[in-house]
Amino acid sequence: MEIGKGVFFVMGKHKGKFPFSNSLIVKHKVMLDLGCGIETVKDLADKVEFAALTHTHPDHCSGAWVFNFKNKRVLSPKGYKTELESLANRFVNEKLKERWKNFVTNTMGIRDFNAECYSDGDLILKEPEIVAIHTPGHTADMHVFYIDGRIIFGSDIDLTAFGPWYGHEESCIKEFVKSIEKVMELDASIFVSEHEEPVFGRENVIERLQMYLDVFERRNEILIKLLDEPRSLNELVKLSPFYMKKPYEKEMLDYWESQMIEKHLELLIERGQVVKVDGKYVSL
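Residue 1 is where the sequence shown starts when you use the numbering used here, and the numbers rise one by one after that.
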């Protein structure tokens, strides 16, 4: 689907839902993110000159090895290794590493890949202009791509009903909030979510981003209510206030939810709304 002059939306496998994502092709020169499904990447790789990744989550970079195989360039954020072992070290704990590697390999088809680097503010393409904008919080390396001063390729500022995801040690709520606010300041009339349909119209873009941003405070409120009585982190994870359902890889999802809950608890303690007593948290 052409969403702008020479800008084509590529819906990922399973309609771009995790463990896949949507992509863009711009002017038949560059493919943005490569998590739309290995077979789709294979079909499209010959139609572009190179690829650029917003960040190194496997559901966004799983097809990068295809570009390596075809001797085509891949650009990835500077300072972050792309081997599966390095990704596992960032995204899960030691206990879950092998399980995580098996999961992303079997479900997404990712392999080790090589990439050249880009940094915040770099031009990915000159015509039309594609600017990389660093938007940490979800992961430390995440960027959005600002295309021709009117289209935002939103990476994992994904506008899903679930809301923002920040389940790694390197993830940060405060940084994520700032990143979303930074994106809201961009003058764009089209927002491409990598896990939803594109959003058209400036007012609609701002409205959807604000709804997404509001999820952080809604989660704070949920935790404050749950902490009317003292609860440990493990007890909160068992209640699963954010995920609610865990249809696959429960141990990994529990780990990621525990990271998210803990970040909220740290924030609420900092605000003076929650205290920790004898290993349990309680609201004030």
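A portion of the hints provided could be inaccurate.
[Said to hold, decoys possible] Straight-line C-alpha distance at most 25 Å; calculated DSS-like pairs for lysine-lysine:
#	residue 1	residue 2
1	225	97
2	238	280
3	97	47
4	174	126
5	250	95
6	246	225
7	81	97
8	70	81
9	245	95
10	276	15
11	42	101
12	97	246
13	42	95
14	15	5
15	245	97
16	17	101
17	245	17
18	13	95
19	13	238
20	182	78
21	29	72
22	78	97
[What the hints assert, rightly or not] Using C-beta positions, here's what the derived DEER-type ranges look like:
#	residue 1	residue 2	range
23	203	182	17 to 25 Å
24	111	221	40 to 48 Å
25	182	262	22 to 30 Å
26	230	121	33 to 41 Å
27	276	214	23 to 31 Å
28	243	98	19 to 27 Å
29	282	39	47 to 55 Å
30	224	50	45 to 53 Å
31	127	105	47 to 55 Å
32	111	203	37 to 45 Å
Just so you know, these hints were derived from the structure itself, not from any lab.
Yeah, the Cβ is synthetic: ideal placement off N, Cα and C, and Gly gets one too.
Outcome of the hint check:
no., hint, in the structure
1, 225 x 97, "34 Å, violated"
2, 238 x 280, "14 Å, holds"
3, 97 x 47, "35 Å, violated"
4, 174 x 126, "32 Å, violated"
5, 250 x 95, "14 Å, holds"
6, 246 x 225, "22 Å, holds"
7, 81 x 97, "16 Å, holds"
8, 70 x 81, "21 Å, holds"
9, 245 x 95, "22 Å, holds"
10, 276 x 15, "42 Å, violated"
11, 42 x 101, "22 Å, holds"
12, 97 x 246, "19 Å, holds"
13, 42 x 95, "33 Å, violated"
14, 15 x 5, "23 Å, holds"
15, 245 x 97, "22 Å, holds"
16, 17 x 101, "20 Å, holds"
17, 245 x 17, "16 Å, holds"
18, 13 x 95, "30 Å, violated"
19, 13 x 238, "31 Å, violated"
20, 182 x 78, "20 Å, holds"
21, 29 x 72, "11 Å, holds"
22, 78 x 97, "23 Å, holds"
23, 203 x 182: 17 to 25 Å, "19 Å, holds"
24, 111 x 221: 40 to 48 Å, "42 Å, holds"
25, 182 x 262: 22 to 30 Å, "25 Å, holds"
26, 230 x 121: 33 to 41 Å, "47 Å, violated"
27, 276 x 214: 23 to 31 Å, "26 Å, holds"
28, 243 x 98: 19 to 27 Å, "23 Å, holds"
29, 282 x 39: 47 to 55 Å, "51 Å, holds"
30, 224 x 50: 45 to 53 Å, "48 Å, holds"
31, 127 x 105: 47 to 55 Å, "37 Å, violated"
32, 111 x 203: 37 to 45 Å, "42 Å, holds"
In this structure, the hints that do not hold are numbers 1, 3, 4, 10, 13, 18, 19, 26 and 31, in rising order.
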